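**Student:** For the protein sequence lines, the chains are X and B, in the order given.
Each residue of the first sequence is one higher than the last, beginning at 23 in the working numbering.
Each residue of the second sequence is one higher than the last, beginning at 5 in the working numbering.
There could be a bad hint or two in this list.
[Claimed, not checked] Dumping the calculated SDA-like pairs for lysine to any residue here, alpha-carbon to alpha-carbon at most 20 Å:
id	chain 1	residue 1	chain 2	residue 2
1	B	Lys429	X	Leu302
2	B	Lys429	X	Arg49
3	B	Lys174	B	Arg163
4	B	Lys285	B	Leu221
Bear in mind the hints are in silico, worked out from the structure with no lab data behind them.
Only a predicted model underlies this, so the values are computations on that prediction, with no experimental measurement involved.
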Amino acid sequence: MSFPILTALVAVPAVGALLVTVLSQKRPEWIKLVAILTSVFTGALSVWVLSSFETADAGFQFVSKHSWIEPWGISWHLGVDGISLFLVVLTGVLFPLVIVGVDPHHDHKRYLAWLLLLEAGMMGSFLSLDLFLFFVFFEIVLVPMYFLIGGWGSEGRVYAATKFFLYTMVGSAFMLVGIVSTAILAREQIGRLTFDLVEIAETADFATSTARWLFFAFAVAFAVKVPMFPLHTWLPDAHTQAPTGGSVILAGVMLKLGTYGLLRFGVYLFPEAALWSRELFLTLAVIGIIYGAIAATMQKDLKRLVAYSSVAHLGFIVLGTFAFTSQSMTGATMQMINHGLSTGALFLLVGMIYERRHTRQIADLKGIQKVAPIFAGAFMIVMLSSIGVPGLNGFVGEYLILIGSFLTARWWTVVAAAGVILAALYMLWAYQRVFHGEPDEANRTFPELRAKEAAVLLPFIGLIVFTGVYPKPMLDRIEPSVKALITHVSEKTGYQEPTVPEPIEVEAHEEGQP
Amino acid sequence: MNVDRFTGPSIAWFDLSPLLILLGAALVLLVVGALTPKWPRGLYAAFTAVAAGASMVMSFVLWDDVTDQGARTLVADAVVLDGFSSFATIAICISLLLACLITDDYLRREQNDGPEVYALYLTAAIGGIVMAMANDLIVLFLGLEVLSISFYVLAASNRRRIESQESGLKYFVLGGFSSAFFLYGVALLYGGSGSTRYDEIVASFGSVVSTERNDALVLAGVALLLVGLAFKVSAVPFHFWTPDVYQGAPTPVTAYMASAGKVGAFAAMLRVLTEALPNWKDDWRPVVWVIAVITLVVGSMLAVVQTNVKRMLAYSSISHAGFILVGVEAAGHRAGEPDAGLGVSASLLYVMLYAVLVLGTFAVVTLVGRTGDNETDLSSFRGLGRTRPALALAMTVLLLAQAGVPLTSGFVAKFGVIEAAVGEKSYAIAVIAMLASVIAAFLYLRIMVSMWIADPEPGDEQLEAVRVPFATALAVVLAVGFTLVVGVAPGWLISAAENATTIARSTLP
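The following block holds chain B by itself, in its conformation from the complex (with noise of 0.2 Å):
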């Protein structure tokens, strides 16, 4: 019998070094954490922290290399290593980082100390990077998969919090139920093109997609690829699940979803839609449009009218996101060109200091959350002004710059997704974007009149006292600087997004 051997693909494992070394991590905290007794205290989180740290510095070094040598795809063109991918895993590992300083002591305060959250978190990142990298719609899926079962169990970790449970459960049904919808499209789209890579979409069109002839099934395929992305960056009207999940899940997983999630969920649907769909922009940007600009509105009108912190901040999220679909409209109409405009970098960098900024709000809700994580109703936060005035001072840059205040990273990045909208003639969702953003800072009005203002009623001298610990201080102190710095010298980090983005347009197909 005569059977051809398979031969496997070469594989640059140096290229894969932010991937392995986090997959590495993840392995060795659950081999090696569950054969030897409990880690002394904070050394999971440490080791967590620094593999974050090597991965990113491992990105930094290919990101240097992809400027000289040019964007290469790896694995039998499966990823591509390029700036973007580079950006996008520096930003992962970034929310990674801070989140393993949030986490070590909410999980010591909850009693629920172990290796199992670190190696989920470090799967979920894999994750993202995948979604970032992927360069074929079966590892696109691969990656979300990844994210998403990591995040299923991480929503429900907090085994002493029924609402945790609540939580994993409905991420899980609505997060599988939104999967399948992904996988059809992939499959609607494979039918309509005959591939699933992203650069072999692009040049079906024409050969195997024609103009003449009837493209239903690649639309119906981008219709329900959309679904399962906007599904991911909670979109509305995919956004259901958000708040639930996150005033559920454990206040650090919270942050964690927030962050990392985000920027994989992003920067997958920026790639997809420009690097493999961009033939029929057309046809999928009006569809962003109307998304992003109710999302935009439906976010921050509910953001307003809650009166649970976390809750408040998930609607927030769900603006922030329509906020960066106004991004994606942009990049939607240079998609597939060689001046590709400043949609793609504008929003990379939105989601970026967004996830730094969600990470340290975050934070602070986890220690304004108490023993017991259940201390995140408004209340909860009156009085942290006279408590503790520096943790309310950081609450407040934070959230001012969630609310776009100028000098801080919030408003560099709305600036730049304005001036992408505008660049691109798209005034009016460019206004609609910035009343929405109005609408929302009511909401962080609402928190910092709580924490600053409000008089203290009875009841609350009962509330266990506000522990700040070094690890979570740390994070804090760390987003409120960069937050401050970027706001103020936003000039690098700038010039780095657009490189980023220059370095995937300019190599590739």
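Only chain X is shown next, with the shape it has when bound in the complex (with noise of 0.2 Å):
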């Protein structure tokens, strides 16, 4: 048997969390150093993962399987596909640069301990296929970040983590009950209860009323969790109090919890519902990306600006989802990682504004790009990012989306397009008010860019740019599991994705000739 490297990926955090809880609280230096060595570590497995992938392969990788709860048929089944890869790739690289990066400034230990479970739930979500398993993961996650939230978080925290922790189970109530019920459903045709889900999905069919209801269950959990347009409410106030490194990880990975959802648990079981029901999805997710837009642009505070912004970013992830051609899928995949990285880097940014000013007030800052041109710099180049700008990955994966949608959601896509103009207002203006103009006398001791905040940036900065340059390898990855997502809903619907025309070839002409 080879090493489960995937279970090595849930358990090696999980493990650091014990470790750190067993600490003494007298040597913080070994409890931090326990905390980046098993994070990097584990870091270092899911670039292993990443490395040997196979990439031509749509199935699932380093599938581990064993049994676990017998009687209820729940086994602990975790795979990775071209879906998951670079979730778990982001999950892996985003914590140690976190841990490493953002002091929470009180009960270090406690903090470590649980940003590490939660990096064991994270992992636990995006591998799992069990249906029972994922579950328990996905719900596992909120007490950590409930704790991360409440502990470190600002003012009106403890009214944030616990509308996030409540909403969240609003959704996971409609989930569990709608888990439960696809199981026994399918045991009918399976012979025997299971909660596997390549199983269902593959061998399963509902009634056709009955499989809207499910995806329907499913859909509310993952609709809370992206979130989507009207139930997103949770979002802002968690982002807003959220401390930094919370901030960072709920934008970077958790939101995605969602959308994978939606593609890995919605989309798959439920193929016929999904297509059912994509217009309500798209007209939501339009919505999203609008309101968010225009929310974002109101906001005084540059932190509740971007949560908003995110809101609209995840808009796009729905509408390519839902929009059903390989190419929007795989630019909604590829948008998930494109978020995560551009918005955990700007919340890292917002932070460090923070540390210096203790305001995130945009009034209160003004000209900051005289005082501190590297740092004003570097946020430049994550907010064009977060813009779309070509050159750079929001680019790829936005524009992946739109022409993927366009030819499914005509007019969805043409009112989500005004979304990226908006997005270039809101974020622009924001720097110009931040960064541009004269620093008054507040502002004008703000620090540059320290090295070490410089080293966490540059791994951000480096894949915004490599990805938005060439996203090949990346694509190459993604496609073949998302055409076989495609193909799945073909067989299980008779849905026919609209044909793309070839890319012309264009021929190589040699130097000199016309």
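Quick one: dock chain against chain with the hints and give me the complex.
**Tutor:** Structure (structure tokens):
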């Protein structure tokens, strides 16, 4: 048997969390060391998964499957495919950066323990191929995030943390009933009780109306998590009140649980229902894009602005998912990573501003470019990536989503494209107010980017530029799995993906010839 | 004069050994305890705990025995020995064991140490076990009364606290009232069916009670019986005693009441409904449905607005009762059928897991209550995460489990019940139950906020420091360990619960 690398991805941070918990409070440097080592090791493992991933294989790789709760037919079933691969890597990369780069200021031990537990939960959520197992991880990540927001957040933290916890739990309530119903209804066709995602999706056929109900039970949970309009109201509160590390993780990977869940569970298990309800989701997605952009424009708090921009960005991902073309879905999958990188980095930068000035109000900041040009430059690159400027990663994802969606959801795409312009509006306007002009008294002493901060930001910016310039390695790995999913949908429902005209082969001309 | 000699029924002493051990221990405590000077520190509790352990071991032996030999009735069909009764007996013995660990330190702290409380614990356990074993409504009533009367006295057992006295009296008055309902129900059922024995009540359907004839008498009996049982499990709208009694009673007694009392009451309810009244399941199941829903909703909603932790947990226990009733409702779909479905085993498993959870939770509340047992307000938990991080962490695990977070036993319990309900296509009640658990989660979050997040306020430092004596700490560790182990690897326990209920089914008429 080969090394169970996916199990290790879940187990290593969990063990790290345990170690941090039992280590003495009096040894803060050991605690920090253990936390950094385990998270870096997990990150290295995830990169190893990436490097040994079979590019052309659309199925699940590195699968590890063991029976767990036999009377209920539940197994420890982990696997990774093109859709989850980069989310796993992003999780693996983001956590060490957060642990190294963000200082919680108090109770380091508990903070690090919760963070590592959160990493284990996130890894588990992205790797689970068993409905029960997925639910376990999906629900367990609430607890560390609740404590991170509640314990290390700003003034309104208790309210925000509670709101976050309860909103998500309401969604989960429906999903749990949905999961159990799915398994029990599938039992009639499979012959035994199983919660295995692949087995149910491939063999069970639900009655049309049943599948629609079940799909909605799942979709509510994911829609809260995404969050989709009108279930998004927890997000600005949670983001604004969370500590910087919490915000980065929340935006970077946790929100992806919703969009990933829609793809992996919603569309895969109930293709007909997903197709049937696509207009609803497309509409809500587009409302989210426009509404998020407008709301972001109005914000006075920089962090809240970024939070609302997340609502808009995730709208794009949902749009791409429910447009049901291979380009749009590939774009959506890629955009999950892009958003994680750019919004994660933005939250880091906003956190740095807060560390320096103890305010996030746009009105209090002015002319920072003059005193901290490198900081402003870093902010500029990340912001442009978030806007979707060509040459940076955000452009590739958004472009794929829009071009793919145009074939099947033309008018929604037209409106969504306006969201791209609005993104430029709120981001550039905010940048202008914060960084341009003459610094006033309070901002004149704004410290320049420190070496340690630069070291944390550099991987973000590197990845942003790299995937923007050369997205091929990423797309090559995502696309086969997305195509397989579309084929699955076609087989189950008879849906025909509109054929895309083949790109015209441009012949290479030799130098000098016309 | 020629009078038939009364011949007593043959008694299988060995099969009754779990009960007899507890009974013997209770008598020893009362008689020897009264005649001898005060026993050395901790000995009363240790003695009771050993009795509970012995009784539990015997239950395992008997369970093994009925697995091979099949279920059987004892003492002239008065009680039945099967997997179901063994499972319930074990659950009650576990509750008793943990309760002893908590009570020992508590009684010494409150300067109230003595054998009486333990003797009452033992008799309450006997009552609970008899309720679970009963095969006759009269026997069930006896068990119910033994349990209840023990609890009335226990609730009032802290002589120094006026609240304890009040709670005992309240419980007594309301409990007596509900017993009357129950007894009247038994009488009507007897009138309608001609027997009080479960199997004979089932058999009467079609002969004494026929489909053509009006069975109003039986239905009225069933209704009154349900009132009595719903009172015992503290289902809405028969729950009014619960917050007051839970708050006023000494905290360890509350813990024991919420665990052993619930196990006995739910075991009895499951048995009566599925084994005595399966023929009227279409009549009682909708009633259970309605009671379950309002119990869930009212329990969770009222829990949220409380400020006293004991009161909060009382309402949360009402909400948990609603959850178990969801399982009872699921059991109702299959009552009397060869394939019992998952309802009975899921409910049984839930009540067992909840018993351990609630004992652990109240153990922490006992410690935080400090001398005098009065610091049970939410504010008393403030800063526990700083002063007693291990205790706060244990409480956090227990509260998360009560909220039904995965990898804890609470999730396993909830999942089982939801699975049972969905398996019977009771989708609506499953969704309502899950949503109610979200509302209830808010309450557990409030306690956690108080422990970990809330800022200290002036006056906090004047409070007595929370002492953590060994025995209570052991109880908390055991409860937390059990919660996590079952949360991570629940397979064996699920199989055990299913096994327990199949033995009850396959061999009884």
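**Student:** Determine for every hint whether it applies to the structure shown.
**Tutor:** Here is how each hint holds up against the structure:
1. B:Lys429 - X:Leu302: Measuring from Cα to Cα gives roughly 28 Å; hence the hint is violated.
2. B:Lys429 - X:Arg49: 55 Å, violated
3. B:Lys174 - B:Arg163: It holds: about 15 Å lies between the C-alpha atoms, which stays within 20 Å.
4. B:Lys285 - B:Leu221: 16 Å, holds
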